[in-house]
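Chain U is already provided as a structure; the job is to place chain V on it using the hints.
If you read the sequences in order, they're chains U and V.
What the first sequence shows, in this note's numbering, is residues 7 to 382, in sequence order.
What the second sequence shows, in this note's numbering, is residues 185 to 789, in sequence order.
Simulated from the structure, these hints should not be mistaken for lab results.
Even glycine gets a Cβ: it sits at the ideal position worked out from N, Cα and C.
Don't take every hint at face value.
To be verified - From chain U, some residues computed to sit far from chain V (all C-beta separations above 12 Å): (1) V40; (2) W59; (3) R66; (4) D141; (5) Q204; (6) A250; (7) H252; (8) S304; (9) R323; (10) A329.
Said to hold, decoys possible - With the C-beta cut set under 10 Å, the calculated list includes, among others, these residues of chain V facing chain U: (11) K392; (12) G745; (13) R749; (14) R751; (15) K758.
What the hints assert, rightly or not - In silico lysine-lysine, DSSO-like type, Cα no more than 30 Å apart, as pairs: (16) V/K409 <-> V/K392; (17) V/K752 <-> U/K339; (18) U/K369 <-> V/K761; (19) U/K369 <-> V/K392; (20) U/K219 <-> U/K30; (21) V/K761 <-> U/K351; (22) U/K339 <-> V/K761; (23) V/K736 <-> U/K30; (24) U/K362 <-> V/K752; (25) U/K362 <-> U/K339; (26) U/K30 <-> V/K750; (27) V/K336 <-> V/K254; (28) V/K758 <-> U/K219; (29) V/K705 <-> V/K736; (30) U/K362 <-> V/K758; (31) U/K351 <-> V/K409; (32) V/K705 <-> U/K369; (33) U/K237 <-> V/K736; (34) U/K351 <-> V/K736; (35) V/K336 <-> U/K351; (36) V/K705 <-> U/K351; (37) V/K758 <-> U/K339; (38) U/K219 <-> V/K761; (39) V/K736 <-> U/K219; (40) U/K351 <-> V/K254.
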Amino acid sequence: MHNPFEPPNRRLSLYIHIPFCERKCNYCAFDSVVPSADDCDVYLELLNKELEWWSSRINRPLLSTCYIGGGTPTVLGCAQWERLIQIIDSHFYFDDTSEVTVEANPNSLSGAHLHLWRDWRITRVSIGVQSFDDDELKILGRLHNAMQAREAISYALLSGFSVSADFMFGLPGQTFLNWGRTLREAAHSGLHHISLYQLSLEEGTPLAAQSPKLPEGYESYRWAQWYLPHKNYMQYEISNFALAGHESQHNLNYWREGEYLGMGPSAAGYIAGWRYKNTSGLKKYEQRIGAGGSAIASGERLDAYHRSREAAVLALRTSAGIAREEYCETFGKSAEQSLLNSLNKFSEELVTITDKNIMLTRKGMRVANRIWSEIV
Amino acid sequence: MYLELDRIRNFSIIAHVDHGKSTLADRLLEDTGTVDKRNMKAQLLDMLDLERERGITIKLVPVRMNYKAKDGKEYILNLIDTPGHVDFSYEVSRSLAACEGAVLVVDSTQGVEAQTVANSYLAVDLDLAILPVLNKIDLPSAQPDRVRKEIKEIIGIDADDAALVSAKTGEGVPDVLERIVRDVPPPFGDTNAPLQALIFDSVYDNYKGVICYVRVVNGTLNAGKTIHFMATKQDYELDEVGVFKPEMVKVDELGPGEVGYIAASVKTITEAHVGDTITDASRHAAAPLPGYRKVKPVVFCGYFPVERENINQLREALEKLQINDSAISFEPENSVALGFGFRCGFLGLLHMEISKERLNREFGVDLVATAPNVVYQIVLTNGEVIEAHRPSDFPDPVKIQEIREPYIKLSIFMPDEFVGAAMKLCQDKRGTYVGMDYLTPERVRLAYNMPLAEFILDFNDKLKSVTRGYASLDYDHIGFRAANLVKVDVLIQDEPVDAFSFICHDDQAYSRGHAVVGKLKELIPRQLFEIPVQAAVGKKVIVRMNIKAVRKDVLAKCYGGDITRKRKLLEKQKEGKKRMKQVGRVSIPQEAFLAFMDVTKTEDK
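Next up, chain U with everything else stripped away, as it sits in the complex (with noise of 0.2 Å):
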């Protein structure tokens, strides 16, 4: 019987969600809770006959990268990240390239959990330092001050990984200067991957019911722009900047229409052309799973007008931008065409459109979503 999820060869990411923090930022909206009593143990197994359920469908596939993120994946103790990798191993494949990356937060990253992941196949950590003043981490609930953030980069570089950070901008109270700062301690704390987030305020979350007022953030964003590269960080990514070689792979995976599968509550996946997602809580994900069926609450599959216009938002995420013969060899060369029709309303100072590529500028990064948003 031919099965839809399964072409020949495939590779595939993975993304894991790990639903649990110590305690919930302030401005934090995501799905993730803190835990109680056994939670913990009983989720691993719930993650593992949702495991199950895609593996029956699809045989044990490669993965070309796998991304444990939350939540705070430092939440799990050594037994319990004992296993998760078990659970991984059991159901899917790594080679000698897959990129394996785990989140961490500073406060529960231990020089255990470091020891366990080298010894399985984790190639990056990403911390969520956010920032190095503790004033602005203080305002966004973090449980780390900016001593520990330091600490955590060091001993997750000494350990041999890739090591990236995220990093807030736009806070409340953040002034262009102590944004400066932050910057240039990332750009000298040895780090090979730096992500830019500019906080949002998210309906229920306490920082937004304080309605606190926000700086504009774009200068904030522009100087980086022009920072990082200075310092060899290359911005790749609307968001993201990295030495060379060090590009997340699984990141560059989403823009490039790659697919992947999200397990966990509330995770995203994207297969054999079908977008979909994971019921959101704790609660009915255990239910869905413990009923024996997948977590799957919502799914759908685009017509090839917008699926066109989709691949090129997410391109276009990309320093690389749309890679335009391969986008007419996919989508039709009317389909770039039309694209081309909606672009040309903006300026050369905003995007770029040479033989090859259809990019945006720095100029027409900052102003992404306006951009997106006409041809979306």
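Chain V alone, transformed into the frame defined by chain U:
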């Protein structure tokens, strides 16, 4: 067998808005058993939802009632309703012309208002018997004595004997019916004379086509006859005649004095002019009935579909609206900024607003309306006189010898404590003082001549606010007068946007230009480039502001590869933008076009 003329009474009810006209009409229908109490929809005469919401009547729905009076005789009472707004004064006059009497309803807690006076004067001019009725007599704040005095002093009718009524409770209503029989003169007419019947309204009926509401003066109307419309000079086959009970009921004939409807082979409502006279095609009357004039729109504005591709939907909707409202005129218009649309003419501001709302509500049309304007007469240097219906009709300033604008004479009724504020408002609106008189020791009538353009801007709203709603007003058109007017253009990214052009007095050009540009700066969202917004008179820029390029754009984390969510967010943004009008590269939200109408109103000093 025709009805005996002395058993017919044709009457109207005239009243100010909210003084209880519709409620009284409902009671009359109930008391005469014309409409079953159970089937009585509150205020039956106000048929359209919109009218009911606004508490005003626009369409005239005549009703025939059978009434057995105390003298033991059966009478036919025809109630011809009149619209209660100054925009429709010609229609009111034609409805009144179909009657011999008018019941003048005055709220005994409020007193005489401008509309009451205007319509009473119309009735007096037409020699109608006027029956004063003091309504809301059940309310503790009723002051019948004061109001009687006002009626006597202002309208010149003896109201000592006025009926005291509570339309709400029904008290005094039987007395009103008796008075109608007693005081309204029966009609007179000659069955054998050549046919003369007055069209006092026309509507479109899905089954019967165009229905004319008629009052027969002389001769008879019966199905099969060929009739002739004297103003439009057209002949039609008469298909059906009938009366309103209040639903349409077919009858064999309508004779002199009778009120009813006709259905003929009239194709469109524009052929059935209110005020036209119907006669016999084979035996023309010597002359039409007096008082006919062709209704001319006085206020114009442009309607444009929000989505350009919906132009046909808008055209169809306007056509359908016109089927029931011949006073609306429209012609195609092409705006640089807004694409294809229609320049529409209305009898007044209220008429315009109601039409817009009906288009939206009944036909589901999303439209942008440009600021209303009046018709200007422009005398060119070569002596030619042209009419300008919109700012873009204005020729190059060097070719203009003189611009004339329509003026109205405005009468405002209010308690005397507001006189100062009202006078200041009139002065601000380029009004010239005509006179003032005390109606009673506390109430004043103020008369001003004023450009209609100033009046339609926002005079009503402003008057309401400075007089806390205690003023009422009425106006008459008094012709065109020369004025020092200029056309102000608004330029966005150096391109004039015709929808934002406006005509104003030279003295106000700067302040209004400043207000408009300021408002646009506020309402046009920042875009990917800087946008200069300017106001200019001819080639001279008088105001300039810049809308800075967009700088705020959240770089949110796209967690766990949830791309569908991101795409949906982007699509939502796109939808928001789609609702905006594209002018060159600039997206202008609909609110900017709407607010433009408000600013030109509010910001003058």
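### Task
Tell me, in ascending order, the numbers of any earlier hints that this structure violates.
Hints 5, 8, 9, 11, 19, 31, 35, 40 contradicted; others consistent.
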